[in-house]
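There are 2 protein chains.
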Amino acid sequence: MPSILDVAKRAGVAPTTAKRAINEPHLLAPATLERVRKAIEELGYEPDQVAGGLRRGRTRTLGLMVGNIIEPFFASLTRSVAREARARGYALMVADSEYDSSLELQNLRLFRGQRVSGLIIRSAFGSPNLDYLKQMQARGTYILEIDHFYPDSPFSYVMLDGRQCVFEGVRYLYELGHRRIATLGDYHPVLTPDERSRVFPEAMQAVGLSPNPAYQRVIERSEEAAYQLTLELMRLPEPPTALFSLTGSEAAGAFRALRELGLRIPQDVSLLTFDNYSWTSLVTPPLDVIEQPVEEMGRAAVEIVLDAVEHQTLDKVVRRRFPGRLIRRGSCAPPGG
Amino acid sequence: MPSILDVAKRAGVAPTTAKRAINEPHLLAPATLERVRKAIEELGYEPDQVAGGLRRGRTRTLGLMVGNIIEPFFASLTRSVAREARARGYALMVADSEYDSSLELQNLRLFRGQRVSGLIIRSAFGSPNLDYLKQMQARGTYILEIDHFYPDSPFSYVMLDGRQCVFEGVRYLYELGHRRIATLGDYHPVLTPDERSRVFPEAMQAVGLSPNPAYQRVIERSEEAAYQLTLELMRLPEPPTALFSLTGSEAAGAFRALRELGLRIPQDVSLLTFDNYSWTSLVTPPLDVIEQPVEEMGRAAVEIVLDAVEHQTLDKVVRRRFPGRLIRRGSCAPPGG
DNA sequence: CCAGATAATGGTCACGTGACCATTAGGGCT
DNA sequence: AGCCCTAATGGTCACGTGACCATTATCTGG
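If you read the sequences in order, they're chains A and S.
Note that UniProt numbering has the first sequence beginning at 1, numbered continuously upward.
Note that UniProt numbering has the second sequence beginning at 1, numbered continuously upward.
These are calculated hints, taken from the structure and not from any lab test.
Each hint should be verified, as a subset may be incorrect.
Claimed, not checked - As a list, the in silico DSSO-like pairs of lysine-lysine whose alpha-carbon atoms are at most 30 Å apart:
#1 S:Lys134 <-> A:Lys9
#2 S:Lys19 <-> S:Lys38
#3 S:Lys38 <-> A:Lys134
#4 A:Lys134 <-> S:Lys19
#5 A:Lys134 <-> S:Lys9
#6 S:Lys134 <-> A:Lys38
#7 A:Lys19 <-> A:Lys38
#8 A:Lys19 <-> S:Lys19
#9 A:Lys38 <-> A:Lys9
To be verified - To spell it out: a stretch of chain S is covered by chain A in this simulated footprint if at least three of its residues, at any positions, have a beta carbon under 8 Å from a beta carbon of chain A; those stretches are:
#10 43-52
#11 91-97
#12 132-146
#13 212-222
#14 243-257
#15 319-325
Think of the CB as a built atom: it goes at the ideal place given N, C-alpha and C, for glycine as much as any other residue.
Take the sequences, apply the hints, and build the full model.
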């Protein structure tokens, strides 16, 4: 692999001069610049970011830790983050915690070993890693949470405005005439704290309803758990007339369960879900969804992180909320046919 | 960020000794080892892979270039590759070419700058980057193609056995009684060379059929193009009785088109597709698919790359084919109801 | 014609590590 | 006692870069 020394030798200049052709070309005489450029071209020289990172004390790499890359939300986020990072000359390291805090820790160690300059993280459940993140931050890695944040998080974050979305969703169902509205379970308040399930009761109160305790179960956050819970809920003597799924993955479980039970959407039960996943428009009927501006969120995340890194303002905390958008397609209708 | 020097100082040993606690602990006296371990623990020391990579002349990073991270095939692949890389102590850099060779080149440059030790790549279409890849290889990056390979590729690869799958798919449809079978277009033989569309005519011949020229169009490889083509095909005077989609993305386009045309699956037309995407079991009817062993392929890819990197056998070319699995769910039936 | 400014180029060193070689102490053998 | 062997530990240097300082040539104004 040729180094700048090879370039310098070939161009007949000192290494310092050769490097200036890349970093501060305006300082060079046009003829010298041209000669160096030619040498770079001929040798196929590409600056070594490993050496540069060591010397600089700061790498041009960014870490992204997702909860589950299979979920389209994270896939879209990854694409958006990757695009933005590339545009700014940063490589993107991706890790998947599978929402498991011990895997998360392993991945954090890897990221730390690689000395990533910034970290965008959707933290896992259980979360004994807050201290580790704080330590990384104290040592110069800028940390930004996305899609979720720790209570009292000291970090920047980029989030959907879950509160606004849940309120809007509940109001939408309410105005269609629904009174028996259920989310697909509560998440565990400590193990899987979640804004959406936390504000649901408030959203119900805002329209003069209160959540039916019979519908409230603490579940794991997965398609399978949502599938099981939907079966249970719809077999109650007084089943919900509308299901409000707080994530796209859970909607798939609910949809599967409703089909198995032979329940028609929206005649027998309405279904509303977060996340405009592509399958939601392929099924019959197409589902009403609350879309997140994922691309924008990814862009914003990279911008916040890299601005802080490059301007050396690691202490700057930036928090941005993004609105969701309700898309009506026909899976919600007045109750009772 | 503490370095091994800090650890050594705190443990009261020489830097060399401190490092041995990590790299060759068997050489140390138990008491010394314990003291160094304690110092590492207290300081929260994590070896700097940037410095190590520079000195070693080899980083512990792997590059993964996907065609489109949004496609579940690539999302699953990414997860599998990330898992395996993590298990071996390598960080994974992910880039998305969006199947565009100019974006691909930008990403390759980034990877090269970061001195990735290995590269797993699903190459883009158009592909003027073969030379660049060869150059990277000549400079010590082990390259492995996945899901697709250049004609006369000099690299290792991991692939589905597309030939076997297409043959099996065609035979399946043939035995159900179909004679008018169409793929969703040919890909451009130069711009988007593709094994599956190339062997389709052979597979037809193997059952005594030949592809209907009226069904053969060169299309782009996208959901939208597949949607348009399906509309066209089904409006022909003699439309196909069975559609064979060569990718999961295209199946979504075909499915959308069939629904818009009001055609029933499988009564009016059978639909068979590659890739067991989760939506294919959610729609009505659930689709017959040819599943790829994506996880295994990802694991194999990392294994091949890292074994070559770590054993310094960069010249070793390994090529593996994986069988697909046909899953019947009800979207294919004898023609004519 | 020269001081001082500026343009252009050159030289040196440290970042943290791993490879390699060097040194010391103690134990077993003749 | 003298030798060698091994266990345990220490010292040095280069990887390629970027920050910083140094040097030389050319120009400008009085």
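Going down the list of hints, with the structure as the test:
no. : hint                 : verdict
1   : S:Lys134 <-> A:Lys9  : holds, 25 Å
2   : S:Lys19 <-> S:Lys38  : holds, 13 Å
3   : S:Lys38 <-> A:Lys134 : holds, 21 Å
4   : A:Lys134 <-> S:Lys19 : holds, 26 Å
5   : A:Lys134 <-> S:Lys9  : holds, 25 Å
6   : S:Lys134 <-> A:Lys38 : holds, 21 Å
7   : A:Lys19 <-> A:Lys38  : holds, 13 Å
8   : A:Lys19 <-> S:Lys19  : violated, 33 Å
9   : A:Lys38 <-> A:Lys9   : holds, 12 Å
10  : 43-52                : holds (count 7)
11  : 91-97                : holds (count 6)
12  : 132-146              : holds (count 3)
13  : 212-222              : violated (count 0)
14  : 243-257              : holds (count 3)
15  : 319-325              : violated (count 0)
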